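When you get a sec, could you build the whole thing from the sequences and use the hints?
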Amino acid sequence: MLQSQLFTKTRREDPKDEVAKNAKLLIRGGFIAKSLAGVYVLLPLGLRVLDKISQIIREEMNKIGGQELRLATLQDPAVWQASGRWSDEVVDNWFKTKLKNDTELGLGFTHEEPLAKLMIDHIQSYRDLPVYVYQIQTKFRNEVRAKSGILRGREFLMKDLYSFNVDQAGLDTFYEKAKVAYRRVFDRVGIGAQTFLTFASGGTFSKYSHEFQAICSAGEDIIYLSRDKEIAINDEVYRPEVLAELGLDEKELSKETAIEVGNIFKLGTKYAEALGLTYVNEAGERVSVVMGSYGLGVTRLFGTIAELCGTDTGINWPDNVAPFAIHLIMLGNDEVVTTKAKTIYEELSAKNIEVLFDDRVAGAGEKFGDADLIGIPHRLVISVKTLANNSVEWFNRGVGKTELVALDEVLNRAVNI
RNA sequence: CGGAGUGUGGUGUAACGGCUAACAUUCUCGCUUUGGGAGCGAGCGACUCAGGGUUCGAAUCCCUGCACUCCGACCA
1 MLQSQLFTKT RREDPKDEVA KNAKLLIRGG FIAKSLAGVY VLLPLGLRVL DKISQIIREE
61 MNKIGGQELR LATLQDPAVW QASGRWSDEV VDNWFKTKLK NDTELGLGFT HEEPLAKLMI
121 DHIQSYRDLP VYVYQIQTKF RNEVRAKSGI LRGREFLMKD LYSFNVDQAG LDTFYEKAKV
181 AYRRVFDRVG IGAQTFLTFA SGGTFSKYSH EFQAICSAGE DIIYLSRDKE IAINDEVYRP
241 EVLAELGLDE KELSKETAIE VGNIFKLGTK YAEALGLTYV NEAGERVSVV MGSYGLGVTR
301 LFGTIAELCG TDTGINWPDN VAPFAIHLIM LGNDEVVTTK AKTIYEELSA KNIEVLFDDR
361 VAGAGEKFGD ADLIGIPHRL VISVKTLANN SVEWFNRGVG KTELVALDEV LNRAVNI
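The first sequence begins at 1 in the numbering used here and counts up one residue at a time.
Estimated spans, in silico, between C-beta atoms of each pair:
#	residue 1	residue 2	range
1	V415	G365	28 to 34 Å
2	T97	N416	50 to 56 Å
3	D167	T103	36 to 42 Å
4	D167	E252	32 to 38 Å
No farther apart than 25 Å at their CA atoms in a straight line, the calculated lysine-lysine pairs in the BS3-like style are these:
#	residue 1	residue 2
5	K16	K147
6	K342	K367
7	K340	K367
8	K34	K16
9	K179	K270
10	K179	K63
11	K24	K9
12	K147	K255
13	K340	K385
14	K207	K179
15	K351	K340
16	K255	K207
17	K229	K179
18	K385	K367
19	K367	K16
20	K34	K9
21	K34	K96
22	K96	K147
23	K401	K367
24	K251	K229
25	K270	K177
26	K255	K229
27	K401	K385
28	K34	K147
29	K177	K207
30	K367	K9
31	K385	K342
Since the hints were derived computationally from the structure, they do not count as laboratory data. None of these values were measured; they are calculated from a predicted model. Virtual Cβ for every residue (Gly too), placed ideally from N, Cα, C.
Structure representation (structure tokens):
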């Protein structure tokens with residue numbers, strides 16, 4: 001991609017209507033733009049990052065047997081009335097709208113009910129189970145107060161997977177697999193070291209649910225973390241008997257502020273019973289399907305990475321989610337430099353390496369400043385100076401190391417990042 | 001939803017109730033410059049969030065609304 005043609009550019013100054021670090025940096029870098037409080041536009045750079053995150057999640061969900069689908073965003077009140085979740089007194093963050101004929105509709109904030117309804121048509125027998133489906137879809141939540149940039153928005157992208165099993169044992173087995181898959185997602189997007197499995201309050205059918213909490217001062221949750229055992233307890237269930245049960249000692253725990261990036265639940269038969277989702281077992285009896293739900297905020301993960309990898313000058317994107325792999329920068333407008341830079345750009349592109357090529361006629365300071373803001377992990381500078389050494393300057397942003405790399409080694413090296 | 005604060009060119013700021021709303025940046029054109037947001041010159045760009053009120057006169061004071069930010073409450 002030629003930077004001269006990249007839609008939207010960086011900003012010199014922080015937006016005045018944002019305090020959150022993620023929003024400031026993402027807006028300055030040209031990743032997102034604000035539309036309303038809690039509603040953000042994804043610009044090309046931001047969309048690239050979000051797509052990378054989504055793809056990683058997709059791969060991990062597929063690995064544990066998930067199949068992707070896409071449910072409707074517009075919601076029929078009937079299924080929600082069946083479970084008791086249509087009322088504004090019960091769920092206060094509904095966005096509701098109407099058809100021309102005054103029929104009420106909702107905008108989906110989660111999807112247990114419509115999916116359970118859908119499954120009635122697809123699950124008749126124990127032979128039809130288990131089923132694991134997920135979607136990566138825009139959710140709407142009418143938050144009374146949006147805050148913290150993209151960490152808590154009114155419209156956001158979320159991955160939600162739902163499991164359907166014959167019994168509790170089947171659910172338990174899959175639930176453990178989901179934990180592992182989530183772990184891999186956070187490792188791959190680069191926040192594994194700061195993200196911990198956390199015990200949180202359960203629903204009607206299990207004692208606990210599990211959250212994945214990323215330690216970060218921008219978070220809204222308080223957790224008590226044991227770094228040795230790599231588990232944490234959410235403040236909401238932090239009680240002596242819980243500590244005892246989990247074999248944790250108060251002394252080994254540190255109190256931390258964290259961002260909830262994922263949450264998995266054992267639902268049991270709650271929604272299956274409400275919607276009448278049953279199957280016939282081997283004994284010929286009709287019984288309820290056992291469900292689980294597994295949420296992961298894609299937009300929130302995007303913001304969390306920005307919070308954790310952000311600095312005063314920009315965001316140092318982890319390799320796997322960076323908008324591009326390499327930022328190639330030519331300095332000056334010397335024809336030899338321009339020609340060589342173009343050649344390298346074309347060679348890298350031909351190898352399917354994602355390169356952002358700063359081909360603009362601009363000062364070095366501006367180019368470096370922009371490169372810091374955009375934060376692509378590998379910055380290659382080509383100038384009269386580097387060409388005098390028959391090389392390019394290769395800066396590894398994540399490691400913080402700069403070195404000269406010979407021109408004829410650049411391609412080989414880039415392929416092996 | 002309770003409380004506090006803020007709304008001025010694209011962006012960031014300034015302006016005692018009183019001149020044609022100022023400065024920086026961005027942007028456009030020309031020249032110069034080219035390793036950390038460089039220089040000179042010339043331009044474009046705002047009826048100061050909306051509506052009402054006070055006043056000879058309102059960006060400025062008052063009221064209402066809206067928007068945004070923060071604190072709290074809320075948060076499968």
